[in-house]
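Student: For the protein sequence lines, the chains are R and U, in the order given.
Position 320 (the first sequence) corresponds to 320 in UniProt numbering; numbering is contiguous.
Position 380 (the second sequence) corresponds to 380 in UniProt numbering; numbering is contiguous.
Don't read these hints as lab results, they were simulated from the structure.
From the three backbone atoms N, C-alpha and C, an ideal C-beta is built for every residue, glycine too.
Incorrect hints may appear among the rest.
Here are the simulated SDA-like pairs of lysine to any residue, each with C-alpha atoms no more than 20 Å apart in a straight line [claimed, not checked]:
hint : chain 1 : residue 1 : chain 2 : residue 2
1    : U       : K339      : R       : D278
2    : R       : K32       : U       : L660
3    : U       : K339      : R       : I280
4    : U       : K386      : U       : R631
5    : R       : K32       : U       : V609
6    : U       : K339      : R       : E284
7    : U       : K339      : R       : K32
8    : U       : K339      : R       : P232
9    : U       : K339      : R       : F231
10   : U       : K339      : R       : E216
11   : R       : K32       : U       : R631
Below, a sample of chain R positions facing chain U; criterion: calculated Cβ distance under 8 Å [unchecked claim]:
hint : residue
12   : Q33
13   : D47
14   : L48
15   : Q70
16   : P71
17   : A73
18   : T113
19   : L116
20   : T155
21   : G189
22   : R276
23   : P277
Letter by letter, the chains look like this.
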Amino acid sequence: MRLIALSAAALMAAGAVSAQSDGGSAEDFPTKQMTYIIPFNAGGESDLSARFQQAEWEAVTGHPVVIQYQPGAGGAQAWSQLNQIAGDGYTIMGINLPHTVLQPMEGSVGYETDDLTPVNYFHYTPDAIFVPQDSQFETLEDLVTYAGENPGLVTFAGSGSNSSNNLAQAKFDGLADITTTYIPFSGTGPSITAVLGGQTMAGFNYATSGVNQGEELRMLAVAAEERLPAFPDVPTFTELGYDLVGGAYRGVAVPDSTPEELRQRVSDIVTEINERPDFIEKMETNGFVLTDIGYGDMDAFLEEMKAEYAEGAEALGIGG
Amino acid sequence: MDILGYLWGALTPLNLLFAAVGVVLGTVVGALPGLSATMAVAVLVPFTFTMDPASGLIALGAIYTGAIYGGAYAAILVNTPGTPSAIATTFDGYPMARRGDGGVAISLATMASFVGGIVGALALLALAPPLARVALAFGPPEYFWLAIFGLTLIAALSVGNTLKGLIGALLGLFLSTIGVAVVGGDVRYTLGMQSFLGGIDLTSAIIGLYCIPVLIDLVATRDPHLKSAETGGLRLGESARIFLAQKVNVVRSAVIGTVVGILPGAGGSIAGLVSYSEARRSSDSPERFGKGAPEGIVATEAANNATVGGGFIPTLVLGIPGTPPDAIILGALLVQGIKIGPTLFADEAGIVYTFIWGLLIATVLMLPAGLLIGRYAYSTVVRIPKAMLAPTVALLTVIGSFAIHSNPKDAQMMVGLGILAWGLARYGFAPSPIVLGLVLGQIAEQGFVQTYLIGNASGRIAEMFFGRPISIGIILAAVLTLAYPFVADRIRRRKRTVETAAAAPVGGGGVPEAADDGQEGARDLGTPIWAGLLAILGVLALWGAQGMSAMGSVFPTVIGAALAVLSLLLIGLHFAGRTAPAEATEGESRVRRVALAVILALWVALLSVLGFLTASILAFLAIIVVADYDRPAPRVWALWVVSGVLICIAFWWILADVLLLRMPSGLLI
Chain R
1 MRLIALSAAA LMAAGAVSAQ SDGGSAEDFP TKQMTYIIPF NAGGESDLSA RFQQAEWEAV
61 TGHPVVIQYQ PGAGGAQAWS QLNQIAGDGY TIMGINLPHT VLQPMEGSVG YETDDLTPVN
121 YFHYTPDAIF VPQDSQFETL EDLVTYAGEN PGLVTFAGSG SNSSNNLAQA KFDGLADITT
181 TYIPFSGTGP SITAVLGGQT MAGFNYATSG VNQGEELRML AVAAEERLPA FPDVPTFTEL
241 GYDLVGGAYR GVAVPDSTPE ELRQRVSDIV TEINERPDFI EKMETNGFVL TDIGYGDMDA
301 FLEEMKAEYA EGAEALGIGG
Chain U
1 MDILGYLWGA LTPLNLLFAA VGVVLGTVVG ALPGLSATMA VAVLVPFTFT MDPASGLIAL
61 GAIYTGAIYG GAYAAILVNT PGTPSAIATT FDGYPMARRG DGGVAISLAT MASFVGGIVG
121 ALALLALAPP LARVALAFGP PEYFWLAIFG LTLIAALSVG NTLKGLIGAL LGLFLSTIGV
181 AVVGGDVRYT LGMQSFLGGI DLTSAIIGLY CIPVLIDLVA TRDPHLKSAE TGGLRLGESA
241 RIFLAQKVNV VRSAVIGTVV GILPGAGGSI AGLVSYSEAR RSSDSPERFG KGAPEGIVAT
301 EAANNATVGG GFIPTLVLGI PGTPPDAIIL GALLVQGIKI GPTLFADEAG IVYTFIWGLL
361 IATVLMLPAG LLIGRYAYST VVRIPKAMLA PTVALLTVIG SFAIHSNPKD AQMMVGLGIL
421 AWGLARYGFA PSPIVLGLVL GQIAEQGFVQ TYLIGNASGR IAEMFFGRPI SIGIILAAVL
481 TLAYPFVADR IRRRKRTVET AAAAPVGGGG VPEAADDGQE GARDLGTPIW AGLLAILGVL
541 ALWGAQGMSA MGSVFPTVIG AALAVLSLLL IGLHFAGRTA PAEATEGESR VRRVALAVIL
601 ALWVALLSVL GFLTASILAF LAIIVVADYD RPAPRVWALW VVSGVLICIA FWWILADVLL
661 LRMPSGLLI
């Protein structure tokens, strides 16, 4: 049964390859299956959110989408090859912030931020501070007070150096006028494990990472504009007086040879999926925050984010 | 409903079918180096969206467990771990196959994988919530010491040749530092090349280091690849007797595998290495390990399949995936709208227990399925003419290394490392220490830096490293493992001087022993040349570490300095005539070796110029010519050419249209 399904999928893919794009207008797009490249390994937030989209894709466009993975170098491997793909709209790629701004600052990664063409940033996973259930810190103020009295003693586990987590920790240190120690781990899983096991005093992670742990973890504050539906009792940093909103943004990019009307059309597909109740429900249950940054708003959004990350990069000492 | 009640829920015909098909599919994917469980599971996830959650999970779990088991085939038959979990299976599996005991090796691997898988799954069924606490008790210091413990295996693998083993390990550790560092974020040793940014991929390195030397030696002589067994088949009765004598070893290894599986990020390769090391230490005749000891295969395979069940424990209880396939399965559950975490076992007991029973059923089905596939795989590899075996294996190495990231650069890295490993192996630098360094380097480095940072924040650095109970236990085990081979070696040597026996114990990891005729050391210039090059590499690594952040430079500095010092020491000892001699080569065709290396290099260089399929077909046909010693009739030639083209097309189709990889398109396909 699965073999039949597999062969069917394979035949469809073969058909898709052989069928030449008929140059139909953007309104008809797509007329066949699309390919969605995730520049990371399967199983991460980028994959998960793309899988949620995949479940709605056919209902919105009339054709399925196939997810392929091209991991390597924190996404840089795929992004550096994006513009070599045919710009017919049928192959799109996941794109992330702050990765695509910070990576070119750190060194030669084979692409520049402005080489890439994101058409829609559809969600972000806000940074959040977690402590284990039995932690002495009940509120963010407890943590800030303790950190103020004991400079450097509070340890935050986070995913990687110079990552969104690392940026948020550095920025929060500045906002609260404290000194904390950031401990980089090789991903969300290991860093959450360290927090749960009490290896570090707290964690700076994404809000999504707290969904699966239930009562075991306490989220002290979340870097979103409003409280998350999945965590109605957790205050935002803004509510508590710290101007910290951000996290990892995820979107969809196309090759730079893609015509304007197709860029707009792909953006519209993503927006339409973003409005579907099932999709919203799954995303919000899992701690994702939906955004509506379509192709029309992209330039302004990118300018704003680049300025913000440049500031953060300076705090982390990147790119001097 | 009680736990047993869910067994009947799992035993529907549809679930049984999924489990059986999944295990077979997984075994085949696992047997092909580079095609991983992760890939197979990821491709099938969309199909599970429309299935009943438990059935979908059973299919995914069955593929996963089958793939971990299937990795043993390639390890035994062509000295290449099909998955990183099977690294330690090559140590004894390939020597056994060489001497005609491949059937026994496969049977033992199957039985051990079966028992290991059952133990892991039972732990998941009965003890998941308490065992999940183990994952939390392991902090950065424990990971650091676990990696160091794994590295101590080098001492055992290179008895009589310890210095070369250590230098190999340092080379592996150095390779593990290439790319963007997790801790510190430095871009290290990429030479400004984008292809090094992601680091040296472990799987393609393993394929290159283990398989390319075997391939190069394969075409160099007309001897058959494996000595064919006098009694064909898997020799089940004999294997079962050997296996039953290994009860303690099996249970110990399965328990080690389960516990290591629970640790997120440790994985099957470490489980296999640790239990291999323990099996060797507790053996009465540790000197047979690495030369075809059945105990080694049993230990590794029992442990790596136990990690499957073990890995699901933190995945399902804590929502923290233990391995990459676990992460995908976790994602599949979330798409289904199932909430993972501490409440899962209570809220979704039906799905969870049906899945665990399904995993057990799949493991049971693995025994007959594995023996059937194993029998076929073994007889195929033994019987197939060399002119077809060599190009097919070469094709698999290229496909495997390419498939991991859909990137031709990984295939190029694979061939480059492979040719390097072949050159090193000729002078006694075995590939296994290099692989161990590469596997364990990042875990050791991250553990070390994290421990240091945490300790430094609270002013308790020494306490963090040496004061934690689990750490102390691991340190003791490491010291024991490290000291034991030397003690055993000394005792043996004392015995031998009395007996004046011949043949020194040289090499490990499948390197043939050399004749100790005394003159070899004087003529061997390769060792000092390699040592000189490695010393220069060490100095360059030191120099390159200057510009890095404090966090990022600790490891490269230590590794570079140690590599330079030990390599210089080796040169000194060599000219003092105190090193083990290199292996002699006689009656082998240098022309064919060079030709094969050149074809492989051109092949991977032209993948994205000519297109994947075209380059592969051309290279495949060229290797047939290089590997042929029989000069058969034109009709046979035609048959070979047609089969070669069909094999290439079939694999290309699987990669492009079934596994949905991005294929490089050049001038042609």
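Student: Hints the structure violates: just list their numbers, smallest first.
Tutor: Going through the list in order, the structure violates hints 5, 7, 11, 12, 18, 19, 22 and 23 and respects the others.
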